[in-house]
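K.L.:
The opening residue of the sequence shown carries number -15 in the numbering used here; numbering runs sequentially from there.
Hints are not guaranteed to be accurate.
To be verified - Straight-line Cα separation of at most 35 Å, DSBU-like style, residue types lysine-lysine; simulated pairs: (1) K310 - K297; (2) K272 - K119; (3) K41 - K137; (4) K41 - K278; (5) K240 - K310; (6) K137 - K76; (7) K273 - K297; (8) K278 - K290; (9) K262 - K278; (10) K262 - K273; (11) K73 - K251; (12) K41 - K251; (13) K41 - K140.
To be verified - Now the in silico label distances, taken between C-beta atoms and shown as ranges: (14) F275 - Q151: 27 to 35 Å; (15) V225 - S96: 40 to 48 Å; (16) R248 - G141: 24 to 32 Å; (17) T205 - K140: 46 to 54 Å.
No lab work stands behind these hints, which were simulated from the structure alone. Here a beta-carbon is modelled for each residue, glycine too, at the ideal position from N, C-alpha and C.
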Amino acid sequence: MKFRRTLMSLLAAMMVWGSYPYSEAGAATVTTGTIQYGVNFRTAPSTSSSVVRMIGKGEEVVVLSQHNSAWYRVQDVFGTIGYISTDSKYLKINEPVQAPSEGGGTGGANASIVASVSFRTGPSTSASRIRYLSKGEQVTVTGQYNSYWYEVKDSKGQTGYVSTDTQYIRVTGQIGGGGPSQPSQPTPPTNGAGSQIEAVIAAGMNYLGTPYEYGSSRNDTSTFDCSDLIRQMFKDALGIVLPADSRGQGDYVRDKSSVTTDWRQLKRGDLMFFMDYKGTSASLYSGKKSFSDKISHAAIYLGDGKVLHTYSKDSGGVRTDSIAGKHWEYRFLYGGSAL
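Please model the entire structure based on the sequences and the hints provided.
P.N.:
Right, dumping it as structure tokens:
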């Protein structure tokens, strides 16, 4: 079983690298932590060591050991081992859970898919998408990995992960499995783009709630308009300086990569470009021309129909939104990668 092989690897690593900090020695338990705030994931327990990537809010890590009072040794969802700060501002330690035994945890709760949702190989929007689960499809929830992800099995017996958001899935009955399930390990991106994308998104999440200002200064981070936020995210995370306005960013993406006019084909971290607001009805945008209509807004795609952006003072500044069935979906012109 894939989970058992992963667990054995983790337990072997604990024996080599030190005692497990939050469980009785020798017990078959797994201690995880949930990232509370974007944090640097380093190659060694020192702020002068290289940064592997920035781990974003909501991501789950396995805590392998505590190096000292300042550093945890952890493993991320890609299987990479490194160090993060022990500061509770960044990491919340979860209760140790008993690892399921071979043949255990076969039960589950029935669930219905409420709206099309990504079915992924691991509990992360960076994990590979197996396919989209369709509205009305029936699945079995075999465990809840954390507050963001269910482990589910579809009608063909394929196991994967879906969002716990009730706009996508409705669960009936008791979820089985005896606690969170250990994730299957996603295939790490071969070109490092996945780590770069996560660093960019984590940088943006650090600005949640920052006030909106049209034409905000590109020289400080006290306020943002939409393109200024995108520009600052890439600058903070990767040192890449994008064009200062949304139309320039749109041209940059078109020159850099293939683009799509179907937002459901976007990947996490892709930039999205939108036309002017005309109203909430889809019919008002029926005549849009994706590559000739004027771009008036930019956002970054988070996956599963969610975006990170900023667009008005009244909306509260930098925020995340779902776009499906809303004017954002109708206004979307095209999107693609800036990397």
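K.L.:
Each hint should be assessed against the structure and marked as holding or not.
P.N.:
Hint check:
{"no.": "1", "hint": "K310 - K297", "result": "holds, 20 Å"}
{"no.": "2", "hint": "K272 - K119", "result": "holds, 27 Å"}
{"no.": "3", "hint": "K41 - K137", "result": "holds, 26 Å"}
{"no.": "4", "hint": "K41 - K278", "result": "holds, 33 Å"}
{"no.": "5", "hint": "K240 - K310", "result": "holds, 28 Å"}
{"no.": "6", "hint": "K137 - K76", "result": "holds, 28 Å"}
{"no.": "7", "hint": "K273 - K297", "result": "holds, 29 Å"}
{"no.": "8", "hint": "K278 - K290", "result": "holds, 23 Å"}
{"no.": "9", "hint": "K262 - K278", "result": "holds, 13 Å"}
{"no.": "10", "hint": "K262 - K273", "result": "holds, 14 Å"}
{"no.": "11", "hint": "K73 - K251", "result": "holds, 29 Å"}
{"no.": "12", "hint": "K41 - K251", "result": "holds, 18 Å"}
{"no.": "13", "hint": "K41 - K140", "result": "holds, 32 Å"}
{"no.": "14", "hint": "F275 - Q151: 27 to 35 Å", "result": "holds, 31 Å"}
{"no.": "15", "hint": "V225 - S96: 40 to 48 Å", "result": "holds, 46 Å"}
{"no.": "16", "hint": "R248 - G141: 24 to 32 Å", "result": "holds, 25 Å"}
{"no.": "17", "hint": "T205 - K140: 46 to 54 Å", "result": "holds, 48 Å"}
Hint check: no violations occur; every hint is consistent with the structure.
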